[in-house]
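**Q** Put together the whole structure using the sequences plus the hints.
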Amino acid sequence: MIESIVALLILFMIIGAIIALETKDLLSSVISVGAIGIAASICFLLVGAPDIASTQLVVEVLTVIILIKATIRHDLVTIDEDREFFGLSVTLALLFVFFLFGLKAFWALPEFGAPAMERISSAPSNGYIESGFKQTGSGNILMAILLDYRGLDTFAELCVLFAGIWGAFAIMRVYSRKKKTRSNNEKK
Amino acid sequence: MVYTLCFVLFVIGLYGVTCKKNIVKIILGFLIMEYSINLFLILLGWRKNGVVPVVEPDTIMQCFAIKSVDPFPQAMVLISIVTGLGILILMVALAIRLYQRYGTFDITEMNRLKK
Amino acid sequence: MKKNKQSGMSVIVQNTTRMVEGLIFLFGIYLTVYGHLTPSGGFSGGIVFACVFILMTLAFGKNSVLKFLGKTTAYIFNCSAALLFLIIAACGCLFNGAFFSNFLEKMFPSANFRIFSAGLIPVYNIIIAVNIAAGLFMVFIILAVRRVVEINGKRRLISTELFDKTERKR
Numbered sequence: 001m002i003e004s005i006v007a008l009l010i011l012f013m014i015i016g017a018i019i020a021l022e023t024k025d026l027l028s029s030v031i032s033v034g035a036i037g038i039a040a041s042i043c044f045l046l047v048g049a050p051d052i053a054s055t056q057l058v059v060e061v062l063t064v065i066i067l068i069k070a071t072i073r074h075d076l077v078t079i080d081e082d083r084e085f086f087g088l089s090v091t092l093a094l095l096f097v098f099f100l101f102g103l104k105a106f107w108a109l110p111e112f113g114a115p116a117m118e119r120i121s122s123a124p125s126n127g128y129i130e131s132g133f134k135q136t137g138s139g140n141i142l143m144a145i146l147l148d149y150r151g152l153d154t155f156a157e158l159c160v161l162f163a164g165i166w167g168a169f170a171i172m173r174v175y176s177r178k179k180k181t182r183s184n185n186e187k188k
Numbered sequence: 001m002v003y004t005l006c007f008v009l010f011v012i013g014l015y016g017v018t019c020k021k022n023i024v025k026i027i028l029g030f031l032i033m034e035y036s037i038n039l040f041l042i043l044l045g046w047r048k049n050g051v052v053p054v055v056e057p058d059t060i061m062q063c064f065a066i067k068s069v070d071p072f073p074q075a076m077v078l079i080s081i082v083t084g085l086g087i088l089i090l091m092v093a094l095a096i097r098l099y100q101r102y103g104t105f106d107i108t109e110m111n112r113l114k115k
Numbered sequence: 001m002k003k004n005k006q007s008g009m010s011v012i013v014q015n016t017t018r019m020v021e022g023l024i025f026l027f028g029i030y031l032t033v034y035g036h037l038t039p040s041g042g043f044s045g046g047i048v049f050a051c052v053f054i055l056m057t058l059a060f061g062k063n064s065v066l067k068f069l070g071k072t073t074a075y076i077f078n079c080s081a082a083l084l085f086l087i088i089a090a091c092g093c094l095f096n097g098a099f100f101s102n103f104l105e106k107m108f109p110s111a112n113f114r115i116f117s118a119g120l121i122p123v124y125n126i127i128i129a130v131n132i133a134a135g136l137f138m139v140f141i142i143l144a145v146r147r148v149v150e151i152n153g154k155r156r157l158i159s160t161e162l163f164d165k166t167e168r169k170r
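For the record, the sequence lines run as chains A, B and C. Each residue of the first sequence is one higher than the last, beginning at 1 in the working numbering. Each residue of the second sequence is one higher than the last, beginning at 1 in the working numbering. Each residue of the third sequence is one higher than the last, beginning at 1 in the working numbering.
Treat the hints with care, since some could be wrong.
Here are some of the chain C residues that sit facing chain B, going by a computed Cβ distance under 8 Å [unchecked claim]:
1. T38
2. P39
3. F43
4. F113
5. V139
6. L143
30 Å max Cα-Cα, derived DSS-like pairs, lysine-lysine [unchecked claim]:
7. K21(B) <-> K24(A)
8. K106(C) <-> K134(A)
9. K106(C) <-> K69(A)
10. K67(B) <-> K134(A)
11. K48(B) <-> K67(B)
12. K69(A) <-> K71(C)
13. K20(B) <-> K69(A)
14. K104(A) <-> K48(B)
15. K134(A) <-> K48(B)
16. K69(A) <-> K21(B)
17. K20(B) <-> K104(A)
18. K67(B) <-> K106(C)
19. K20(B) <-> K24(A)
20. K24(A) <-> K69(A)
21. K69(A) <-> K62(C)
Derived by calculation from the structure, the hints in this document are not laboratory data. All residues carry an ideal CB built from backbone N, CA and C; glycine is no exception.
**A** Below, the structure written as structure tokens:
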């Protein structure tokens, strides 16, 4: 039951992805990617991860806002897609070969609904679930893992976010030149 | 079956990164790949008739340990989602700077307009 | 009628924002503080905080928010929250011999399922929320709040905050 609903939602995401990449209007493609994010959030909710669902939803909304405000403008010329034929066909053929080999790897995975912690009793997840509440005192096992058992990963993630933000700051700097005069037009 | 559909979504994102000329479409291809990977990791951890990994005042611990879904991929995906936001911020900053420098979002035009 | 874009959006959006922004802020605080009891946490709460400030910037124009949360203030919050995270994690080394050790839980064990339980986990949630909120709001100002400016005879769209130094040389 849940498997069929999740499969339908991923089919919706595939259609949305194809629409996002093929349409000529940039605003429509950005909003299609937003729809993909919302479908992913519903999938997370059905599979038992409500924490991830709310985080994915707000991150996707923020993504759409930043993309729309930063890249969509009125004087944008639409770009026609006549890429050279030989390069495009070779790339598509290589992608198809990659897809076929990837399918062979995916057939070796366990079936949907039987995670690895069922078969391997010494998996770390079993230890976290059994003794997470007693040792840390927090009801949310996910936060206990993120901030107590695996705190270094959270710290590294904060560092990566920090580096991303300051990298963007460094890219967008304007170096002023003192010799030439300039005038500011306040118009937007 | 569900994993195969996730992989199809990933390949569509890869097509967007390699075969498109507009920089904004390339950024959207990256986003599609990231959504598909996060979805695949969480779908790996689902247990049939499983419960959310949250302990409440009236849960029995033995029952909870048998029935809950895997919380470990969820922790890693939470980190991955926020890291993906950092990557998106850098990509958008680069795209804005390229537009200011060359006046277009087309990468083949940028090859021709190198000053 | 020429719409003055510096002052934000229309009257309907402004009135709705005035009614709703306090509730969204309260929801962000709820998501952050109850991170160790229900499925939520510092990440969701922090991004909701950033979205409140972005909403105010979009609806009322950039000058309404930049008065009390400019780039410098956001930068101070971002850096100090990250530093505080590192200092508290290193304190675990002093008390129990392991980085990130939950020393509050071991020293003062408290009743379960309260807000002030689970030791350091609520503290970390609040620090992460402040860090992410300040950082993402700063990113929004840098990337998306711009105006047209002339440099060397050509008109360019430049990020507002980074152009403040040259503006005073008029």
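**Q** Would you pick out the hints that fail for this structure and give their numbers low to high?
**A** 9
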